[in-house]
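1 is the number of the first residue of the sequence shown in full-length UniProt numbering; add one for each residue after it.
Bear in mind the hints are in silico, worked out from the structure with no lab data behind them. Ideal Cβ placement from N, Cα and C applies to all residues, glycine included. Please note: incorrect hints may appear among the correct ones.
Calculated pairs, BS3-like style, for lysine-lysine (alpha carbon to alpha carbon, straight line, at most 30 Å) [what the hints assert, rightly or not]:
1. K310 <-> K38
2. K193 <-> K134
3. K210 <-> K151
4. K248 <-> K105
5. K105 <-> K82
6. K193 <-> K310
7. K38 <-> K322
8. K105 <-> K38
9. K316 <-> K134
10. K248 <-> K82
11. K310 <-> K322
12. K310 <-> K248
13. K82 <-> K38
14. K38 <-> K134
15. K193 <-> K105
16. K248 <-> K323
17. K202 <-> K161
18. K310 <-> K82
19. K193 <-> K248
20. K105 <-> K310
21. K151 <-> K193
22. K316 <-> K82
23. K248 <-> K210
24. K151 <-> K38
25. K161 <-> K38
26. K82 <-> K151
Quick list of the computed label-pair ranges, beta carbon to beta carbon [claimed, not checked]:
27. H286 <-> G245: 18 to 26 Å
28. Q22 <-> P128: 20 to 28 Å
29. G245 <-> S358: 32 to 40 Å
30. R196 <-> G85: 13 to 21 Å
31. R276 <-> S236: 22 to 30 Å
32. N101 <-> S275: 49 to 57 Å
33. N169 <-> G272: 44 to 52 Å
34. E3 <-> R159: 28 to 36 Å
35. N212 <-> P62: 27 to 35 Å
36. E317 <-> L60: 22 to 30 Å
37. H286 <-> I214: 24 to 32 Å
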Amino acid sequence: MLEGVGVVGTGSLARILIPTFQAVGIRIVALWGPTLEKAAELARMFNISFHTDQIDNVLLNPEVDLVCINTPPHLHAQVASKALGIGKHVLCERPAGLNKNDAHKMVTAAQYYPSLMSIMNHCLRFLPAFIRLKRMIQDGEVGEVFLCDVKVTCGSLLRDKYNWMCDENMGGGVLNTFGSHLIDIITFITGQKAVRVRGMLKTFVRQTDKINGIRHITSDDFCSFQMELSRQVCVSVTLNTHVPGQFKQEILVVGSEGRLTLREADLYGQVGGMSREQLLMADIQHITERQKQGIPTNQVPLPYLKGMLKLIDALKESFERKKERLSWEQEPVALAANFEDAEYVQAVLDAIRESNRSGAWEPVNLSNDGDSYKFFP
Numbered sequence: 001m002l003e004g005v006g007v008v009g010t011g012s013l014a015r016i017l018i019p020t021f022q023a024v025g026i027r028i029v030a031l032w033g034p035t036l037e038k039a040a041e042l043a044r045m046f047n048i049s050f051h052t053d054q055i056d057n058v059l060l061n062p063e064v065d066l067v068c069i070n071t072p073p074h075l076h077a078q079v080a081s082k083a084l085g086i087g088k089h090v091l092c093e094r095p096a097g098l099n100k101n102d103a104h105k106m107v108t109a110a111q112y113y114p115s116l117m118s119i120m121n122h123c124l125r126f127l128p129a130f131i132r133l134k135r136m137i138q139d140g141e142v143g144e145v146f147l148c149d150v151k152v153t154c155g156s157l158l159r160d161k162y163n164w165m166c167d168e169n170m171g172g173g174v175l176n177t178f179g180s181h182l183i184d185i186i187t188f189i190t191g192q193k194a195v196r197v198r199g200m201l202k203t204f205v206r207q208t209d210k211i212n213g214i215r216h217i218t219s220d221d222f223c224s225f226q227m228e229l230s231r232q233v234c235v236s237v238t239l240n241t242h243v244p245g246q247f248k249q250e251i252l253v254v255g256s257e258g259r260l261t262l263r264e265a266d267l268y269g270q271v272g273g274m275s276r277e278q279l280l281m282a283d284i285q286h287i288t289e290r291q292k293q294g295i296p297t298n299q300v301p302l303p304y305l306k307g308m309l310k311l312i313d314a315l316k317e318s319f320e321r322k323k324e325r326l327s328w329e330q331e332p333v334a335l336a337a338n339f340e341d342a343e344y345v346q347a348v349l350d351a352i353r354e355s356n357r358s359g360a361w362e363p364v365n366l367s368n369d370g371d372s373y374k375f376f377p
């Protein structure tokens, strides 16, 4: 049973997650914002009784059983580790931090408190089309997979004012924003980890009409990277934020016996002797304007929003299956990414950035201070 949720953050994701929790009957009992003004504004909007600009006030609140972390990435490890240490469940936004050391701190805390839920918001895992694609690969319907090609196009991720998304040192940029999700989902559907990568990150827009003066944008607005997976699958990913208009995401999986394509949340394929590509699974999940909360689709694209709704439904079921407070059942959230998965993703992100600096292929370092983990059984 879940008594209440404490939300740490007031950004776009918080504005979607809060009403989604409330819509399924989960109470939001505490809210943190970077300033009291921002916290108060969101608290009024969603009728949250307690708000603060001190994170500890949320973590120590006796009504909070689950902490939902939606801060800039440089705070993720600190807040997640402390929340687990206090005895709270954690749902953390991606990525796990600024580097693999941050992620490793979260893994260590989660392993020390195994009875507590510690999951990441890698929400594409919960979309029916992605689950179907994973099963088709496992069942050999496309034969031996040898290629994945991923393309994302959208408008700028920047807002009207300078914030952490403009700063690479605070975790901003398209690689963290979408690349982290895609690294996770590729490993989820193929069952293979990246062993080496090559990447290029670019910041083409360093100032805008509203972000100018002494401050310059340093976060990447374009990224291209390649991954070689553990069984020689080649993966190519292009993330481009210079295409204003509708968000588009396509994931193509090619095997020796056919191909499968995810376009947003629809699954297409040409398998089993089909003469042409066909729609295999249509996305029928309806999203209301209230659920969108007026958030631009380049900030929280519809496939990711739909995945978050599915994740929260699963999280609710996990707690509802147990009558004791703080107790939960693993099965409803079995698809969720845990902190060890997040550490793997962070290791790949680190290797891509190192490759951008070196101009060469770089290995993905999956160990930390002599310890290694099995990320995907």
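We went through each hint and held it up to the structure:
1. K310 <-> K38: Distance ~28 Å between K310 and K38 Cα, so the pair holds.
2. K193 <-> K134: With Cα atoms ~15 Å apart, K193 and K134 stay inside 30 Å; holds.
3. K210 <-> K151: Holds - the C-alpha atoms of K151 and K210 are around 29 Å apart, at most 30 Å.
4. K248 <-> K105: Cα-Cα ~34 Å, so violated.
5. K105 <-> K82: The hint holds at about 10 Å.
6. K193 <-> K310: Cα-Cα ~25 Å, so holds.
7. K38 <-> K322: 35 Å, violated
8. K105 <-> K38: 29 Å, holds
9. K316 <-> K134: 24 Å, holds
10. K248 <-> K82: Violated: K248 and K82 sit about 37 Å apart, past 30 Å.
11. K310 <-> K322: 20 Å, holds
12. K310 <-> K248: Between K310 and K248 the Cα gap is close to 20 Å, so the pair holds against 30 Å.
13. K82 <-> K38: 23 Å, holds
14. K38 <-> K134: 41 Å, violated
15. K193 <-> K105: The given pair, whose Cα atoms are some 21 Å apart, holds under the 30 Å limit.
16. K248 <-> K323: With Cα atoms ~42 Å apart, K248 and K323 exceed 30 Å; violated.
17. K202 <-> K161: 21 Å, holds
18. K310 <-> K82: 27 Å, holds
19. K193 <-> K248: 25 Å, holds
20. K105 <-> K310: 28 Å, holds
21. K151 <-> K193: Within the cut-off at roughly 19 Å; holds.
22. K316 <-> K82: Distance ~23 Å between K316 and K82 Cα, so the pair holds.
23. K248 <-> K210: 26 Å, holds
24. K151 <-> K38: Given that 30 Å is the threshold and the Cα spacing comes to 35 Å, the pair is violated.
25. K161 <-> K38: Between K161 and K38 the Cα gap is close to 15 Å, so the pair holds against 30 Å.
26. K82 <-> K151: 37 Å, violated
27. H286 <-> G245: 18 to 26 Å: 22 Å, holds
28. Q22 <-> P128: 20 to 28 Å: Cβ of Q22 to Cβ of P128: about 24 Å, so the range 20 to 28 Å holds.
29. G245 <-> S358: 32 to 40 Å: 35 Å, holds
30. R196 <-> G85: 13 to 21 Å: Violated, at about 35 Å.
31. R276 <-> S236: 22 to 30 Å: 24 Å, holds
32. N101 <-> S275: 49 to 57 Å: For S275 against N101, whose Cβ atoms are near 52 Å apart, the range 49 to 57 Å holds.
33. N169 <-> G272: 44 to 52 Å: This hint holds: roughly 49 Å between Cβ atoms.
34. E3 <-> R159: 28 to 36 Å: 34 Å Cβ-Cβ, so the 28 to 36 Å window holds.
35. N212 <-> P62: 27 to 35 Å: About 46 Å separates the Cβ atoms of N212 and P62, which means 27 to 35 Å is violated.
36. E317 <-> L60: 22 to 30 Å: 28 Å, holds
37. H286 <-> I214: 24 to 32 Å: 46 Å, violated
Going through the hint list in order, the structure does not satisfy hints 4, 7, 10, 14, 16, 24, 26, 30, 35 and 37.
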